[in-house]
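K.L.:
Residue strings, one per chain:
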Amino acid sequence: MIGLSHYLVVSALLFSIGLMGVLRRRNLLMLFFATEVMLNAVNIAFAAISHFYNDLTGQMFAFFIIAIAASEVAVGLGILIVLYKKQGSLDLDELTTMKG
Amino acid sequence: MENILSVLVFFPAIAGLLGFVVNKESARVYGVTVAAIEFFLSLWLWFAFDNNNAGMQFVEMIPLIPDFGVSYYLGVDGISLFIVIMSTLMTLIGMISMNIAKNIKNMVITLLFLEMTMVGVFLSLDAIIFYLFWELSLVPMLYIIGAWGGPLRIYASIKFFLYTFMGSLVMLVGMLFVAYIYHDLTGVWSFALTDWYALVLPVSYQLWLFAAFFIGFAIKVPMFPFHTWLPYAHGQAPTIGSVILAAVLLKMGTYGFVRFSLPMFPDASVIAITPIAIISIIMIIYTAMVAYAQKDMKQVIAYSSVSHMGIIMLGIFAMNAEGIGGSVFQMLSHGIVSGALFMLVGVIYDRRHTKMMDEFGGLATVMPKYALVFGIMLMASVGLPLTIGFVGEFLVLIGFYNVSPIMTILAGTSIIVGAVYMLSVYKKSFFGPVTNEANRTLQDLDAKETISLVPLVLIVVWLGVHPKPVLEPIDNSVKAMLSFMDEKAITQEAKEMIKVAKSTQEIK
Amino acid sequence: MENLVYIALFAPLVSSLFAGLFGMSPRQTFVGIVSSALLFVSMSASLMLAYHVYQTGAPIYVTMKEWISMGDLFIPFGFVVDQVSVTMMGVVTVVSTVVHVYSIGYMDHDKSFNRFFSYLSAFVFSMMVLVMSDNFAGLFIGWEGVGVCSWLLIGFWYHKPDQSREENPSISPSWAANEAFIVNRIADLGMLVGIFILYWNVGSLQYSEVFAALPQLSEIILTTAALALFIGAMGKSAQFPLHTWLTDAMEGPTPVSALIHAATMVTAGVFLVIRANPLFSMTPEVSFFIAALGTFVAFFAASMALVNRDLKRIIAFSTLSQLGYMFAAAGLGAYWIALFHLGAHAFFKALLFLGAGNVMHAMHDELDIFKMGGLKKQMKWTYIYMGLASLALAGIPPLAGFFSKDAIIETAFNEGTLILWIMLVVTAGMTAFYSFRQVFLTFHGDERYKAFGIHPHEMYKFVLVALSPLAILAAIAGFFQGGFHDFVTRLLPEYQMSEHTHHLALVLGAIVLTFAVGGIALAYKKYANGLKRDEKTENGFLYKLLANQYYIPHLYEEIISKPYAMISDLMWKSVDLKIVDATVDGIAKFLYKSGDGTRKMQTGNLSNYLNWMAIGGIVLLVIAMLSAMLG
Amino acid sequence: MLEPIKVSLESLNLITLAPMLIAIVGGLIILCIDLFKENLDKSLYVMLTILILVVDFGLVMGLNANERGFFDVMLIDGVSIVSQLLIVAGSILFIPLGLTSKRFHEYEYPEFFALFLFMVAGFQFMAASDNLILILVGLETASLALYTLIAMHNRSDSYEAAVKYFTMGALATAFYAMGSAVVYGLTGSVELYQVAQTLSSRLNEPGLMIAIFGSSVLLLSALAFKLSLFPFHTWAPDVYQGASAPLAGYMSVVPKIAAFVVSLRIFGMYIELGVEWVRVIILIIAVLTMTLGNIMALVQEDVKRMLAYSSISHAGFVVAALALDTTEGNTSIFLYYALFMFTNLGAFAMLWISRHKQRRFDDRFDNPYEKFAGLINIMPMGAVIMALFMLSLAGVPPFSVFWGKIYVMQAAVNAGYVWLAIVMGLNSAIAAYYYLKLVVYMFLKEPVKSVDVVYYNLSKPLMVIIGFATVATVGAIFYVQPLISYFYYMISASGY
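Residue numbers (this note's numbering), protein chains in the order written: chain R, 1 to 100; chain P, 1 to 508; chain S, 1 to 631; chain Z, 1 to 496.
Derived from the structure by calculation, the hints contain no laboratory data.
Take a look, some chain P residues computed to stay more than 12 angstroms from chain Z by CB distance:
id, residue
1, VAL7
2, VAL32
3, PHE39
4, ASN53
5, ILE96
6, LEU199
7, ILE271
8, ALA438
9, ALA447
10, LYS448
11, ILE451
12, HIS466
13, ALA501
Quick partial rundown of chain P residues pointing at chain Z, CB under 7 angstroms, derived from the structure:
id, residue
14, GLU135
15, PHE177
16, TYR180
All residues carry an ideal CB built from backbone N, CA and C; glycine is no exception.
Let the sequences and hints guide you as you build the complete structure.
P.N.:
Following this line, the structure appears as structure tokens:
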């Protein structure tokens, strides 16, 4: 029987995978996807917990997160596009003019 | 004129603000005039001052931040009175003697603001206001050293600023802690010194707080081993800067000890006597030797200041009227004398653009007046009787003898080592044949220099022969403070150590 | 009477200030005349006071004003004119008046003529303060004042360059001046300590109160106080080991040597001991130490005088040795005798010096007696004066020196301190020898100066006339011994020879006299007709030892001056800069460096930033886990 | 069969929403205006924005404390009122900085102003709710707007800044979401007051500590990012450098106020519950932040970057106050930022007026120290004012920040953290060095080249703002009292 803990474990794993992605990825676009993965991991957790307590708040939260994720992507991609226009690559190792 | 103190504090500042409008050429005259008015105001304060009242006079109190206990709180007593007058006097003299070509207007304005902070420090009775002026005084001095100083000026000025700033921040924490305790005990926030005096703190607290304040004051004094900023500051500062620095700014530290440490932490002070005495003796002998090793005339005097501050510190911790009163008087005398000496170095520096003693020799032949004034100041600085220098030194030593004969003898060597370096300076630069051709044609003190130096000479002699008018108010306030400390002290040894003069009169 | 006191005290000050007005203007004779006149006024006032005190026997107390008052300390400007101080006043003013007049002649070629008089009168003023003050603080004022004036006057010819010890044993006037000042400072510290002790145990510095309170004080306090004060006295009176400055002080103009370093200032130490006699008579050990030291110095100085070639230094050494005599007397409790010898010595020693001054003047500042000789033709009067003074110094009756010195030696015998007695007697002989060695070498024999193309000439008439009072006093002072004794013993403790000594008095006198005459005879035999130099002795160890003052100046330089300078330099270069300051800067540098280090985490690379963030989060989580596990 | 939900308007208590609504509506209005009429002048938009914000400010003033509204997700207590006031005031101070004498790309777009208003609304939401969801929403609204505003400065640097900020922000959001998930899992609620209740009851259940600590850590990481605390501060210097000067100044104050309110609510809760661990962690982070911020600021060559690091260290300062969790502590947070706001905005404005299109002094930096060398000779007034700001930041009395500093230190001492006060003191001493460095450059050095036009960008409105900031900085001593008493009252009223 699959219980709450299983869901939580899954979400934790997803979250870690996402985090790994954030840490390892060199391409900005991929990096965004990684963050999306993390957010969705959270969504799983929320859904599961809200079902566990059978109270809607969690799911509501999940919906909000989805919305936010969407808008993030919108804004993020916008910025990425101008950036790409400027320097023709999305490799974040090239974003190092400001340091120290 | 009840609010004379506020006038004293803010008159220079306002004058400074207006000074921005004054045209460059007339800036100097403006400065001199303002400083003169300020000086006469301070004299007026002296005449209005009631010698028989040992307590605070002309008190002004305006709550500024009641919820935080900060209030604008001024007052003057015998201890601060003359230091204030000395500050205004030295500012005036400095203004007169000053000869700076480069944007003199800024200098004048800076000096006026500096004067405000100096007077403010000595008059404020609220810890935060005191701290406020204390910190503000750094800024103009930073500018003076940094803008008109020698080749290393920026290093010197920053060192001066940061060193003092660091120390005083620790002191600030101490102040906040005292305020906290006060609030704990009374439920009221207050930074008013007079309230704080009433606090009777357990010895352990006293020790910690004493340490906190000590760091703030000791760096300013400067006490060994925190003294190294001073030679740089003096070495690089323009004459006027050194004069004010030596004459007034250093006194803030010793004044702080008298105003804060002693009355607030009598027991801790008594415990601290021996360590501080040791440091002071190191200051006296060690820096005197270092001074003897110097090649640069100004550095000699810079180090000699440290040595003299050692005497003052010693007297403050003599815990008897002779010692403390002597220290307060010695503050004045050192202010006048070292100020004059720095001016004198300035005189020769303006002519020869060097302060190296081996450049000189035989100056007495070429510049007799200069040699005469220098000689008088030298004698005052080595504490010749009937000059201002003797009274303080004698009182301090006689005072501390009651604490420890051995240490007094060690400290007393200052009259020897002091003579050694001072006389060697005089011999090297004034005696012997005129070796350096450049010195043959030097012209003697000009009118401006004479006008600025002669008053100091007169004061040196006058207060040496007839110190009574100055000693009396100091004496009263110090006695009152001592009896107060004695009542307040909790440990037995403190009560024994603090010696209340038989002739103490009650505070009216 | 008060006014007389003030006149006596302040006339010299006025004179000094007056001369000071012209200090920087070229030589004006009237300056000298005016100040001499003022000094004369002071002298007459002092003598009147002396007469008054002699008549009434009542001391005059004058309190001018309060000086320092702090805590329980109260110091007035108070003056007392009693037998002791009035004697000193008399001696000081008489000698200084003469010296002033003399200086008009002696300094007439010096461009700093006016300045000289200003200093000289200033000195007299300080000396008057010293002797007249009625409290220790006032004494100390004068004490330091005379110190400064002697600094000024020794260094009067400050423009002279430094020389090596070989050419000039006292390197230069300015050097000698500083040496004198600093050595005196060392002693002054002792004196201050003495003052402190008295203050904290008595609560006052007035002589009257202090002496009144002495009986209540413990043995140890008295001893330390007496010792401390005596250290002060040792400095001013140039007692061993603080004696080196006195001979070097001869760099000053001769009138200065006459006034300060023979007649007055150097006797201040003796005066202090006499002044504080209640204290010293209560501390026998200290007193005996004083006597012993005095005797030693008397002998020690005389020995150095034996071989010296410098006219003034010889006299300086003899001064030293005579001071030794005075201390011996004072130490043995014969205070009035000490005071008597002080006075008598002042007269003939001043005369001697001024005579030497004449010689210098004649010889164009040549001081080496080996280069003189046969001057008695040119300088008859000077010859007479110096001869007289030397006789007095040698203690030939009926001159002043005989009575005073004899009395001291007698005392030494009377006290049963035979060693002291013997040494003093021998010293008397040596004294006679060296003083006449000097006289003969200067005035008798072949005229060696011709070789150096010097044309000596006698001093101005008025100067010679001015010297006459000293000559007379040197001659006749001795006859007043009795009267003086009655006069001063009203204040000073009585001192009478025991019966036994009284019987032997003549014998003792005879012995001393024999030594004295013997000394003179020896000197005559060796030097009267020309200088016969004897290489063997001159290269002998003893001779060299004496000629180099037992190498003490060199010793001091090696073990004090040089190390001090060296350590100072070390303190500055190594300790102050390399340790103290370096630490401060080190802290600052460390902070700055750590800033440079930490800024490296700002690579600018986004993924590093993200790593930092994630690592931060993870580390926190781990900490959270651990701390939760552990409780 | 679900019956329709009926909600009475009174129970919604919409007034609590009004301020944010005004801002949002205002933003929309601006957009509409632009639809009707193309390329109107920026001054119009600036003035409109100011008007809207003023109304917003008024409405916030009108709120009365301790109300809930809109399904109880809105929480109007003293803290939220005070913080909203500060936020709006800061925004009002910021927006006129757009009226420079030179054209700047971003201010030509009405979107800029609309976004700005949305951002303000977002911050207000953060401040005015204790519901984790609404906080997240507000936070995201604000952040997304902010990213765009930064990017709109239209320099390669600003894009880079935007991207860095954005990416890390996304990660922070993830942390936040996960954190709130854990909290929700623990308590079954996202309303902090309920969370508090449930937690307090479950606090001593075995094995729960990990979860509690975990949640706190995740939320802490998220907010630490917003507050630019070590080691989540890495974005700050680059973003400040990339963003336009005024925006950087704005970022160093207003978002942090909002973030502080949230942290106050969350971690205040934890500490209230007696989870000492959180306090310890925050204190450690605070000390690290202020110290590292300082020593990194020491070595900067660029004034703007230096100010960025300095504001990091200031944030560390204030977080320490937060960890104290005493009323003085919490008051000091707002007092500090109220006072810091004027000085810091002023300082950045000074950089702003000296902004050049091309970099004339240094190819890496806009505002290297050299640029200000000898400013006293070129532009005395400017130099003096800048020096005042620097001294104020250094904590020299009687300038504004000094009072904030001693209030924080006093709070630390009162809470028994004397060592913390001393650390703060020493840090201010270190900090003095780099502020002084600029003063030294301006007053004690000679100009490097003929810099006639350092104040290139100056214009009347900017003068007004700077003048205002100066007065506020210098005259602090006179208005500190009312501020303290008001803040103290509001905050103690709302039980922090």
